[in-house]
Amino acid sequence: MFKKILIANRGEIAVRVMNTCKDMGIKTVAVYSEADSKAAHVLFADEAVLLGPSEPAQSYLNMDKVIKAARDTGAVAIHPGYGFLSENHEFAKRCEQEGIVFIGPSSDVIRDLGDKITSRKIMKKGNVPVTPGLLGSETDIAILYQVADEIGYPVLVKATAGGGGKGIRVVNAKDELEEAVASASREAQNAFGNSEVYIEKFFTRARHVEFQVLADDFGNTIHLYERECSVQRRHQKIIEETPCLVLTDELRKEMGQAAVRAAKAASYKNAGTVEFLLDENNRFYFLEINTRLQVEHPITEMTLGLDLVRHQIEIAAGNPLSLKQEDIHPRGHSIECRIYAEDPENGFMPSPGKITFLKEPSGPGIRNDAGVYQGVEVPVDYDPILSKLVTYAETRDQAIAKMIKALKDYIVLGVKTPMSFLCDVLESKAFKEGQVFTDFIDVHFSDWKSNAEMIDAAVIAYIADELAGRAAPALNAKQTGVPTPWETLGNWKMTKVG
Amino acid sequence: MFKKILIANRGEIAVRVMNTCKDMGIKTVAVYSEADSKAAHVLFADEAVLLGPSEPAQSYLNMDKVIKAARDTGAVAIHPGYGFLSENHEFAKRCEQEGIVFIGPSSDVIRDLGDKITSRKIMKKGNVPVTPGLLGSETDIAILYQVADEIGYPVLVKATAGGGGKGIRVVNAKDELEEAVASASREAQNAFGNSEVYIEKFFTRARHVEFQVLADDFGNTIHLYERECSVQRRHQKIIEETPCLVLTDELRKEMGQAAVRAAKAASYKNAGTVEFLLDENNRFYFLEINTRLQVEHPITEMTLGLDLVRHQIEIAAGNPLSLKQEDIHPRGHSIECRIYAEDPENGFMPSPGKITFLKEPSGPGIRNDAGVYQGVEVPVDYDPILSKLVTYAETRDQAIAKMIKALKDYIVLGVKTPMSFLCDVLESKAFKEGQVFTDFIDVHFSDWKSNAEMIDAAVIAYIADELAGRAAPALNAKQTGVPTPWETLGNWKMTKVG
Amino acid sequence: MEYDLIVNSEKTLVEAKIQDREITLQKEEKPLTASFERVSDHQILLNINGTQLNAYVGGGKDVKTIIIDGRTYYIRDADSLAQAPAGKKGFKGGAKTVCAPMPAMVISILAKEGQMVEKGQKLVIVSAMKMETSLFAPFDGKVTKINAKEGDKVMPTDILVDIEQKKEPAEETNE
Amino acid sequence: MEYDLIVNSEKTLVEAKIQDREITLQKEEKPLTASFERVSDHQILLNINGTQLNAYVGGGKDVKTIIIDGRTYYIRDADSLAQAPAGKKGFKGGAKTVCAPMPAMVISILAKEGQMVEKGQKLVIVSAMKMETSLFAPFDGKVTKINAKEGDKVMPTDILVDIEQKKEPAEETNE
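Residue numbers (the working numbering), protein chains in the order written: chain W, 11 to 508; chain Y, 11 to 508; chain A, 719 to 893; chain F, 719 to 893.
Since the hints were derived computationally from the structure, they do not count as laboratory data. Here the structure is a predicted model, which means the values were calculated and not measured. Beta carbons: idealized from backbone N, C-alpha and C, even for Gly. Please note that a few of the clues may not be correct.
[As the list claims (entries may be wrong)] Derived DEER-like restraints, expressed as beta-carbon distance ranges:
#1 A:Lys745 with F:Asn865: 53 to 63 Å
#2 W:Thr258 with Y:Leu60: 48 to 58 Å
#3 F:Met873 with Y:Gly109: 37 to 47 Å
#4 Y:Gly109 with W:Glu260: 33 to 43 Å
#5 A:Ala796 with W:Leu261: 54 to 64 Å
#6 F:Thr769 with W:Tyr163: 55 to 65 Å
#7 A:Thr742 with Y:Leu60: 16 to 26 Å
#8 A:Leu828 with W:Ser332: 50 to 60 Å
#9 Y:Asp82 with W:Trp458: 56 to 66 Å
#10 F:Thr769 with W:Glu106: 22 to 32 Å
#11 Y:Lys459 with W:Ser332: 34 to 44 Å
#12 F:Asp738 with A:Met719: 43 to 53 Å
#13 A:Glu746 with Y:Leu60: 52 to 62 Å
#14 Y:Lys459 with W:Glu437: 51 to 61 Å
[Unchecked claim] Under 10 Å between C-beta atoms, here's a sample of chain Y residues computed to sit facing chain F:
#15 Gly328
#16 Pro330
#17 Lys334
#18 Glu336
#19 Thr366
#20 Lys426
#21 Cys433
#22 Val453
#23 Ser456
#24 Ser460
#25 Glu463
#26 Ala471
#27 Gly479
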């Protein structure tokens, strides 16, 4: 087994991966930017290497610096987490060339699947259904107009690289297309270093259902059942759950087999996720394979009682898979909420700042994979995820109730969070009935405002705080989500931005 | 379902029970003593009722006050937790008379099983093997001498009431008997309000293996597999795990059936635990039935993916058991460490005080059922348990490694804790090989001292702390585990105190 | 005692009686009494008619952030607001500037000095935390000054665009 | 700089060179250099030859409690100890009293004033946190005074029994 692993990431996922490394007795190397010198993942590691300035291109996206950090510290393997270099086939290639184990599939597989076009071709060949759309990236706006007309609006402008909801725009009508392409390209360039985009059919009422797969070097490929990821905002998942309510045993089996077929068609190794769109008629379409650990992997871990990162590392170390398809039996129900530093009352705008107080929920059936701690600064430079809050219970209703309780017991002061928004979503009739589609937030919560039903209690707390003075000096008001003049200015049309 | 439940307990177990109540949408009423006005369980409840002064007899053990609190708040049921009134049949009787649901078995069953003598008789009748010993409580020291001679030393002086390691003394030789009886009686009187004791054979090299049972009002009685609880100090469990390494499938099945037989023989309802002694020849003897939730119940919850408190409440509400024996399949391995405010270098002497800093471990497979928070005062008046730290993993080795990591990541300043002691136990060859018997600590760790291998780093931290001044004023040194003069005085012979 | 508060943007006049560890709000219907106890610097336990509520309080003298039962309330003293400098007054009514919402980088400026703009018109695109965000005109008016250029790093209080409002609405003075 | 410390009861003379955020201990073998950074009031990140260690530090001016990698160290300045009043000096050597180990209730007093006692002899039984604990004589000697009676509630600094030592061992002055 590896003696030392470098984790080429930051925040909660870096901490998550290090947790398994520590369980396995593997030494950990963190890398960090100047903005992250006291970040949670830096404090948690055995060694830490400064990469450079906060700009991702000069730190977390800088392959030379990451490779050098591995060399300098003697790390024999690199875990890329999600985002950043995780789906960068050139980086995987570099690792291969340098004799460093990249914990993920081979660079060729990443390249093929990372290019959404190539992957669609592979899937077609592998007898896996794909969504209608362009078969190559395209910069000529005239051709884009033409294809969009052919498949019919709404269409999705999509970066061929990356994921995580970045570089994606929904286009409802012709006159929005050009700006959407420009904006998506720019965002993709910033996020993934690749500005190429293509278009495909957009399903307004579809579900996003994905299957976890694991494949080793010995031809063993299994799936670990599904995750329902339909609740999204800005094309980024915010609530995921497993099992998916609408899958019948037959459909689940069929999709699981398709997922294994997809992985095999791509000669996939290590952990991956086969994403499907499920339309209202229970037809499913291959969307893409995420060639890395997913943000929402914990819900699979909860219902299956296993550690996906451990299996990733075991596979990367050349060990055969210790699991067999027939031994995989999900149990109970698990839900994940992504906790971002963001303002759900203002288009989920990021809310960076210093966390002045933090109280994490705990107790039976609650798991919080956090990447922050009290006193840390949430930098403006990166994806503002604070933690993944996960609940597990015997049934879906129980898991929902537990999540609502956990959200109410999760106190963050200093940055804004979506706790009350998530509570309202989870408590809504539509969610409880499982009526979740990818347009769920737009349909049910587009103008959501926090219900201020306890104003009297809040006023009393205000007065009490004035009366019963704190021991510590007053905190910097600027850091605590104070309404500032701009709040009355903007209409944050993030979901449909042109 | 109940609208409101009063939790007649404090600390971590009160918080644990409230967690499930909140999941179920049931309002919670805390009760507390003057020492506990800001305790975690008080802050976590919807309502809180002051019972009286800190002395248990005037607060948590005072039936009149607890019943009154339930009446005054309109609580329709009482969950007793463990300890205090949980196994007091008179209290259960009072609840029955007052029309309040006692969440546990009926008062008759508690009385019969709470009296260790009667329970031994029931078990004999029910075809469950029991340990050799006295068949009635006894105050006449002459008779005690006689019986001890008959069954042979070492013998165990044991309070007929209660549990939790209180009111129990090992007697290795005749001349220790009288003082042991006096001391055990006194402790039992203080802890349970009942000074009666009896004696039974003491097995020096035995395992403590218990089976969780659930029984409803409709004749459904199932077992939820075993917990290995052999690692004890002062006859109190400190590390528990499931599954038990030495049980073969046959023995496990046999003991599970014996546990169900025991519960049925006693007309048991609700959750209970059948405790067995397992000797070196794999013969098992009934010890007692704990007619309440066990401290270590979480490890069963982890391997089975269910919530025992929920099932307790459902059964108490008259609902049929939703689980069937054939559906119960344990998965993986789970370990619990009890985290007390105590000093393992001095006979596990309690270490009350204010918790000036608290960092709880978290991450995949880690659960910490805590009853304290940063800033709270751990009072001198009660059992000093801070939390139950639980890990789950696919295998025992992995669960152990995860526990060691979690212990090292669990920082408590202000009171002493057994973290480093527990690490050493878990890392020991004997524990790793599963060589755990009830004398494990005495045999392997009787003169344990913390290994001070990082003195240089500690000295550097000392100097750094002097140099890089803290923002907050210096804390009261008295609260932070400072060595005081007595440390050089005492020899804390707690395990074999005369 | 009288408190002139702004709770989540709403002006609220509160008459409160304070006795030791008890606060009584004089409500139109009937008075509301609560006892309170400080648990820690950021936590206060309230007891309102027997029901306990944990209030988590952040922020400083200017505005307090209060979280109760999973919901967040922003409360400030209206008097302190009146004393604030004019340029930063726009919290409730009459904003005359477009500010950066957070530490961000300016991607694009879509207006020129002297240009007439309409309410809701996109003026600036900024990028922060890998997400693009647009800033819009708060009302019809004329751009009098632009204080940033593409590529600038800007901070929350930075005024990016000054706008002269076309027609001043009646100032809310006694809401 | 020179530090005269007591680490977990052991006197330790430390010669340390301090430069900005770096501390070098002069060891017999070879110097040990560590950089450090304060994370919070109770956490300091150390970096010793590239390996990071989180040190959690509690306590005040008198004694610091330091937790590193799951182990606890108690460190105090030996000089400050020398200045402590004589009666409470017994931390290392020469204890002459039996004190309550924690807030507790006295269950039983097993010695009388004027009685000769042997080292390790049980003198007092106290009860705290529902557990009985015995206090033993630290050396052979004569009980000169008993300051508590059965049923008393006692605190950690309370001296329950004064003992006059039979034969004084050589005082450890330069250990």
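Do the hints match the structure? See the list:
Taken as a hint, the range 53 to 63 Å holds for the pair Lys745 of chain A and Asn865 of chain F, whose Cβ atoms sit roughly 58 Å apart. Between Thr258 of chain W and Leu60 of chain Y the Cβ separation comes to about 55 Å, which falls inside the hinted range of 48 to 58 Å. Against the hinted window of 37 to 47 Å, the Cβ-Cβ separation of Met873 of chain F and Gly109 of chain Y comes to about 45 Å, which satisfies the hint. Checked against the given bound of 33 to 43 Å, the beta carbons of Gly109 of chain Y and Glu260 of chain W, roughly 51 Å apart, lie outside it.
Taking the beta carbon of each, Ala796 of chain A and Leu261 of chain W are about 58 Å apart, inside 54 to 64 Å as hinted. Restraint check, Thr769 of chain F to Tyr163 of chain W: a C-beta distance of roughly 58 Å satisfies the suggested window 55 to 65 Å. Thr742 of chain A and Leu60 of chain Y have their C-beta atoms about 22 Å apart, which keeps the hinted 16 to 26 Å range intact. Between Leu828 of chain A and Ser332 of chain W the C-beta distance comes to about 57 Å, which sits within the given range of 50 to 60 Å.
At about 40 Å, the CB distance of Asp82 of chain Y to Trp458 of chain W disagrees with the hint of 56 to 66 Å. The hint said 22 to 32 Å for the Cβ distance between Thr769 of chain F and Glu106 of chain W, and at roughly 28 Å that hint holds. Here the CB-CB span from Lys459 of chain Y to Ser332 of chain W is close to 39 Å, well matched to the stated 34 to 44 Å. The hinted window of 43 to 53 Å between Asp738 of chain F and Met719 of chain A holds, with their beta carbons roughly 51 Å apart.
Checking the proposed 52 to 62 Å range against Glu746 of chain A and Leu60 of chain Y shows it is violated: the Cβ atoms sit about 33 Å from each other. Between Lys459 of chain Y and Glu437 of chain W the C-beta distance comes to about 54 Å, which sits within the given range of 51 to 61 Å. Hint on Gly328 of chain Y is violated. Least Cβ distance to chain F is approximately 35 Å, over the 10 Å limit. The beta carbon of Pro330 of chain Y is not positioned within 10 Å of any beta carbon in chain F (closest approach about 38 Å), and the interface hint is therefore violated.
Look at Lys334 of chain Y: its Cβ only gets to about 40 Å from chain F, farther than 10 Å, so that hint breaks. Look at Glu336 of chain Y: its Cβ only gets to about 42 Å from chain F, farther than 10 Å, so that hint breaks. The closest approach between the C-beta of Thr366 of chain Y and any C-beta of chain F is roughly 6 Å, which is under the 10 Å cut-off, so the hint is satisfied. Interface restraint check for Lys426 of chain Y: the shortest CB-CB distance to chain F comes to about 8 Å, inside 10 Å, so the restraint holds.
For Cys433 of chain Y, the shortest C-beta to C-beta distance to chain F is roughly 5 Å, which falls under 10 Å, so the interface hint holds. Evaluation of the Val453 of chain Y hint against chain F yields a violated restraint, the C-beta minimum of about 22 Å exceeding 10 Å. Taking 10 Å as the C-beta contact cut-off toward chain F, the hint placing Ser456 of chain Y at the interface is violated, the least distance being around 16 Å. Checking Ser460 of chain Y against chain F: minimum C-beta separation of about 6 Å stays under 10 Å; hint holds.
For Glu463 of chain Y, the suggested interface contact is upheld, since its CB lies about 7 Å from the closest CB of chain F, less than 10 Å. This hint holds: Ala471 of chain Y has a C-beta 4 Å from the nearest C-beta of chain F, less than the 10 Å allowed. Hint status for Gly479 of chain Y relative to chain F: holds, with the closest Cβ pair at about 9 Å, below 10 Å.
Checked against the numbered hints above, the structure violates hints 4, 9, 13, 15, 16, 17, 18, 22, 23; every other hint is satisfied.
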